[in-house]
Amino acid sequence: MRTYLSSISALAIATAGTFATPAAAQDAPAPDAPAATPTDAAQVPVEREDTGLGEIIVTAQRRSENLQDVPVSVGTINEDQLTAINAAGADVRALAGRVPSLNIESSFGRTFPRFYIRGLGNTDFDLNASQPVSVVYQDVVLENPILKGFPAFDLDRIEVLRGPQGTLFGRNTPAGIVKFDITRPGRGDNYARISYGTYSTINAEGAIGGNLSDQVSARVSGIWQHRNDWVDNLDDPGKHDLEGYDDYALRAQVQFKPTEALKILLVGQFRHLNGSARLFRANAIEQGTNNLVGVTGGEFKRDQVRTDGLNFQKLRTQNVAGTIEYDFGAATLYSVTSYWHGKVESRGDIDGGFGCCGLPGSGPGFIPFPAQSQDNVPSLDQFTQEIRIASNNKGGFGYQAGVFYFDENLDIESFDFSNPTDTSPAAIVNQKQDSKALGIFGSVNYATDSGLTLQAGARWNHDKKTLDAERLFDIRPLFVGGGPVPETTTRVKDSQLTWDVSALQEVSPDVNVYARVAKGYRAPAIQGRILFDRQVSTANSERTMSYEAGIKTVLFDRKLRFNFDAYFFKTKDLQLSAVGGGTNANLLLNADAVKGHGLEAEFEARPVTGLTFTGGVSLNIAKIRDSGLVVETCGAPCTVLDPVAVPAAPFQPSIVYIDGNQLPQAPKWTINFTAGYEHPVGPGSIYFYTDWYHRSKIQFFLYRSVEFSDDSLLEGGVRIGYKWDKFDVAGFVRNITNDESAVSGIDFNNLTAMVNEPRIWGVEFGVKF
Numbered sequence: 002m003r004t005y006l007s008s009i010s011a012l013a014i015a016t017a018g019t020f021a022t023p024a025a026a027q028d029a030p031a032p033d034a035p036a037a038t039p040t041d042a043a044q045v046p047v048e049r050e051d052t053g054l055g056e057i058i059v060t061a062q063r064r065s066e067n068l069q070d071v072p073v074s075v076g077t078i079n080e081d082q083l084t085a086i087n088a089a090g091a092d093v094r095a096l097a098g099r100v101p102s103l104n105i106e107s108s109f110g111r112t113f114p115r116f117y118i119r120g121l122g123n124t125d126f127d128l129n130a131s132q133p134v135s136v137v138y139q140d141v142v143l144e145n146p147i148l149k150g151f152p153a154f155d156l157d158r159i160e161v162l163r164g165p166q167g168t169l170f171g172r173n174t175p176a177g178i179v180k181f182d183i184t185r186p187g188r189g190d191n192y193a194r195i196s197y198g199t200y201s202t203i204n205a206e207g208a209i210g211g212n213l214s215d216q217v218s219a220r221v222s223g224i225w226q227h228r229n230d231w232v233d234n235l236d237d238p239g240k241h242d243l244e245g246y247d248d249y250a251l252r253a254q255v256q257f258k259p260t261e262a263l264k265i266l267l268v269g270q271f272r273h274l275n276g277s278a279r280l281f282r283a284n285a286i287e288q289g290t291n292n293l294v295g296v297t298g299g300e301f302k303r304d305q306v307r308t309d310g311l312n313f314q315k316l317r318t319q320n321v322a323g324t325i326e327y328d329f330g331a332a333t334l335y336s337v338t339s340y341w342h343g344k345v346e347s348r349g350d351i352d353g354g355f356g357c358c359g360l361p362g363s364g365p366g367f368i369p370f371p372a373q374s375q376d377n378v379p380s381l382d383q384f385t386q387e388i389r390i391a392s393n394n395k396g397g398f399g400y401q402a403g404v405f406y407f408d409e410n411l412d413i414e415s416f417d418f419s420n421p422t423d424t425s426p427a428a429i430v431n432q433k434q435d436s437k438a439l440g441i442f443g444s445v446n447y448a449t450d451s452g453l454t455l456q457a458g459a460r461w462n463h464d465k466k467t468l469d470a471e472r473l474f475d476i477r478p479l480f481v482g483g484g485p486v487p488e489t490t491t492r493v494k495d496s497q498l499t500w501d502v503s504a505l506q507e508v509s510p511d512v513n514v515y516a517r518v519a520k521g522y523r524a525p526a527i528q529g530r531i532l533f534d535r536q537v538s539t540a541n542s543e544r545t546m547s548y549e550a551g552i553k554t555v556l557f558d559r560k561l562r563f564n565f566d567a568y569f570f571k572t573k574d575l576q577l578s579a580v581g582g583g584t585n586a587n588l589l590l591n592a593d594a595v596k597g598h599g600l601e602a603e604f605e606a607r608p609v610t611g612l613t614f615t616g617g618v619s620l621n622i623a624k625i626r627d628s629g630l631v632v633e634t635c636g637a638p639c640t641v642l643d644p645v646a647v648p649a650a651p652f653q654p655s656i657v658y659i660d661g662n663q664l665p666q667a668p669k670w671t672i673n674f675t676a677g678y679e680h681p682v683g684p685g686s687i688y689f690y691t692d693w694y695h696r697s698k699i700q701f702f703l704y705r706s707v708e709f710s711d712d713s714l715l716e717g718g719v720r721i722g723y724k725w726d727k728f729d730v731a732g733f734v735r736n737i738t739n740d741e742s743a744v745s746g747i748d749f750n751n752l753t754a755m756v757n758e759p760r761i762w763g764v765e766f767g768v769k770f
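Under this note's numbering, think of the first position of the sequence shown as 2, with each following residue one higher.
In case anyone wonders, no lab produced these hints; they're calculated from the structure. Every residue gets a Cβ at the ideal spot worked out from N, C-alpha and C, and that includes glycine. Hints may be right or wrong, so weigh each one.
Said to hold, decoys possible - Have a look at the derived ranges for each label pair, beta carbon to beta carbon:
(1) Val217 to His273: 25 to 33 Å
(2) Ile721 to Ile476: 56 to 64 Å
(3) Lys571 to Pro379: 36 to 44 Å
(4) Ile390 to His463: 14 to 22 Å
(5) Gln305 to Phe652: 28 to 36 Å
(6) Val217 to Phe689: 15 to 23 Å
(7) Glu488 to Gly330: 30 to 38 Å
(8) Glu488 to Lys315: 42 to 50 Å
(9) Pro608 to Gly298: 15 to 23 Å
(10) Lys727 to Ile388: 40 to 48 Å
(11) Val647 to Lys437: 26 to 34 Å
Stated by the list, open to error - Below, simulated DMTMM-like cross-link-like pairs (lysine to aspartate or glutamate); rule was C-alpha separation at most 25 Å, straight line:
(12) Lys465 to Asp412
(13) Lys302 to Asp230
(14) Lys669 to Asp740
(15) Lys240 to Asp423
(16) Lys624 to Glu488
(17) Lys344 to Asp190
(18) Lys315 to Asp215
(19) Lys344 to Glu488
(20) Lys494 to Asp408
(21) Lys433 to Asp450
(22) Lys698 to Asp643
(23) Lys520 to Asp215
(24) Lys433 to Glu409
(25) Lys344 to Glu414
(26) Lys344 to Glu409
(27) Lys494 to Glu414
(28) Lys494 to Asp511
(29) Lys437 to Asp328
(30) Lys494 to Glu346
(31) Lys571 to Asp469
(32) Lys520 to Asp190
(33) Lys344 to Asp423
(34) Lys395 to Glu300
(35) Lys315 to Glu106
(36) Lys344 to Asp435
(37) Lys240 to Glu758
(38) Lys769 to Asp190
(39) Lys315 to Asp190
(40) Lys240 to Asp328
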């Protein structure tokens, strides 16, 4: 018996202008590709925008295209929705479910988002965790999870590409990509806005820039997000002890254009975060159900916990980058050089409660033993270099080709503490990982006069990793597997060819159909968090074959856009993470396969001037296919639903088969909807905007259980405002129904849950200049 444990299409969020109204922002054309200038067609408003839908420009294929002409499934979010989400101080996790097939969650809070597309993702919480969804920030891949939460502000667009994207975007993309493009100097509005809401929540952001001369332009932008501590620890004097944060980021850019052919962009960015670590809530799940319960029994109260451990989180990241573009006429040469540095410290009370072992005053519920740990990244250094050439023609034969190099050096420290407030660790694990990757890629496309466009691309990938790990010391005498672990060196490497082929046929000027086949690849991975285990684990490369087809339409004199696609994929040697279980493991292994299929449908309608609707729905089936795949179940008293392979024994959890299980954090259904209306009043106009997101049931772990699941989540927001001249004032509420849902859990100690964000009321003021 083998023991294993487990791992759009494009979303474009156009953010070229700030405080746009529902009528104007829904399809505000995004800026053109990097070589474009402010006078390009993509910057000019579509003439029919007031009465119909304008084009949405995306760069999902490394060139500017109408979203309807891209041969992949594409969903879009307008600027109104992003503005509404950010008003309450949200981080990138708030994008979860706002388009079909996208989920984002975290057991680290704001510092470490985990992305899932079409059910594929990774619940691994180690600080070198590999994910099948890649984040690309201004054409630079952000590999380490502590970089992926960089705030979304002053952006041209965000695009989420579903399905394998390895040909043009580099490493580890079998599930898809979330792609952020910043607003470059000379584009976009200067703006400032600030909001204030419940728990003294503040979101303040702005940008200013322009041309310094005919050859030089600059732009500076920043964001500050704040929330006071608002959760009361009932076992600590006073009130308001946890869940506060100060999170700020700054970006400075200078662009030089010494000639019409040459353009040079220099970028500097940093982010500082101080606040609470993710709040774990002991026995917040009622045994035998998945209902949330309060710390004193009865009704669940989000603003109350009982905890005795230290809690803090500090993150620092910095980036410098340079982009060079040289237009030869027939083609443009691009060079993108980037260096990122980061560090993080995060400590939490992992058992989530006060005391243990049934001692007087301990709780809530029974906590068998205390658990406190801390994970640090003392140093992360990532360097990337890409050189790419792309043809400039709009029709006929086009091409792209390039070389990509990636080099990462990562240090990780993991501490375990014997008592909740200890500052001297009982055990220390050190990891040092060196990762290198090389990619050589090319893509060609040909547009015929009959409306048929064919495209094909390939990429040769070479990846290698080396990890040194040791348990420096361990003074836990009763701990199974305790004692020091000598330093070990583990190496993995692989080379793979990935590719894609697609075809798009114009049936009429308003209807396109397309089909796409793609092979994706995730590099081999190493897991060295030997804080509770003694063995470093590895996972072989995983390979995905994906097939999709769809239709894209603009109907009723451009008053309705409707896009639909269906897909199927099979991932062989799926990388899975054994998270938790009775032994609190965190191990990597491979499953034979996962098979997935589903559909995605989205619409955007503007039936009359000033009134806009958007909506989307997705069905995602992603099931493990491995008849011998078994996992260790919870150490907590949970009700396991899978067939038993090895029954539970004293101090040993049961082991169960999970063949046929849906992947964790993969809801079968997601639904999103927005509605906006604007009406002239006096010198300006009043507007109303609402957005909603629903997801169906999810399981938190590879095995199915009653407790470690959540039946559904429904979150909505409302924004009502008045704008005139360059000003905008609005009132808003997020999570208006105050939905209380568990979004993740910890299963080795007790029925610990993590929950969604609270309801936030507030006001916002903004100005463009």
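Going through the hints against the structure:
1. Val217 to His273: 25 to 33 Å: holds (29 Å)
2. Ile721 to Ile476: 56 to 64 Å: holds (59 Å)
3. Lys571 to Pro379: 36 to 44 Å: holds (40 Å)
4. Ile390 to His463: 14 to 22 Å: holds (21 Å)
5. Gln305 to Phe652: 28 to 36 Å: holds (32 Å)
6. Val217 to Phe689: 15 to 23 Å: Since the Cβ atoms of Val217 and Phe689 sit about 42 Å apart, the hinted range of 15 to 23 Å is violated.
7. Glu488 to Gly330: 30 to 38 Å: Violated - the Cβ-Cβ distance for Glu488 and Gly330, about 56 Å, lies outside 30 to 38 Å.
8. Glu488 to Lys315: 42 to 50 Å: violated (27 Å)
9. Pro608 to Gly298: 15 to 23 Å: Once the Cβ atoms are compared, 51 Å apart, the range 15 to 23 Å for Gly298 and Pro608 is violated.
10. Lys727 to Ile388: 40 to 48 Å: holds (42 Å)
11. Val647 to Lys437: 26 to 34 Å: violated (40 Å)
12. Lys465 to Asp412: The given pair, whose Cα atoms are some 17 Å apart, holds under the 25 Å limit.
13. Lys302 to Asp230: holds (15 Å)
14. Lys669 to Asp740: holds (20 Å)
15. Lys240 to Asp423: holds (23 Å)
16. Lys624 to Glu488: Violated, because 37 Å separates the two Cα atoms, which is more than 25 Å.
17. Lys344 to Asp190: violated (33 Å)
18. Lys315 to Asp215: violated (42 Å)
19. Lys344 to Glu488: Given that 25 Å is the threshold and the Cα spacing comes to 23 Å, the pair holds.
20. Lys494 to Asp408: Holds - the C-alpha atoms of Asp408 and Lys494 are around 14 Å apart, at most 25 Å.
21. Lys433 to Asp450: With Cα atoms ~55 Å apart, Lys433 and Asp450 exceed 25 Å; violated.
22. Lys698 to Asp643: With Cα atoms ~17 Å apart, Lys698 and Asp643 stay inside 25 Å; holds.
23. Lys520 to Asp215: Roughly 45 Å between the alpha carbons, so the hint for Lys520 and Asp215 is violated.
24. Lys433 to Glu409: Distance ~11 Å between Lys433 and Glu409 Cα, so the pair holds.
25. Lys344 to Glu414: holds (11 Å)
26. Lys344 to Glu409: holds (13 Å)
27. Lys494 to Glu414: At roughly 24 Å apart (the allowed maximum being 25 Å), Glu414 and Lys494 satisfy the hint.
28. Lys494 to Asp511: Roughly 47 Å between the alpha carbons, so the hint for Lys494 and Asp511 is violated.
29. Lys437 to Asp328: violated (30 Å)
30. Lys494 to Glu346: violated (30 Å)
31. Lys571 to Asp469: Not satisfied, since the Cα-Cα distance of roughly 33 Å exceeds 25 Å.
32. Lys520 to Asp190: Since the Cα atoms of Lys520 and Asp190 sit roughly 40 Å apart, the hinted pair is violated (cutoff 25 Å).
33. Lys344 to Asp423: holds (22 Å)
34. Lys395 to Glu300: violated (61 Å)
35. Lys315 to Glu106: OK: Lys315 and Glu106 at ~19 Å, within 25 Å.
36. Lys344 to Asp435: Answer holds: Lys344 to Asp435 is near 16 Å, not above 25 Å.
37. Lys240 to Glu758: Holds - the C-alpha atoms of Glu758 and Lys240 are around 19 Å apart, at most 25 Å.
38. Lys769 to Asp190: holds (6 Å)
39. Lys315 to Asp190: violated (32 Å)
40. Lys240 to Asp328: violated (61 Å)
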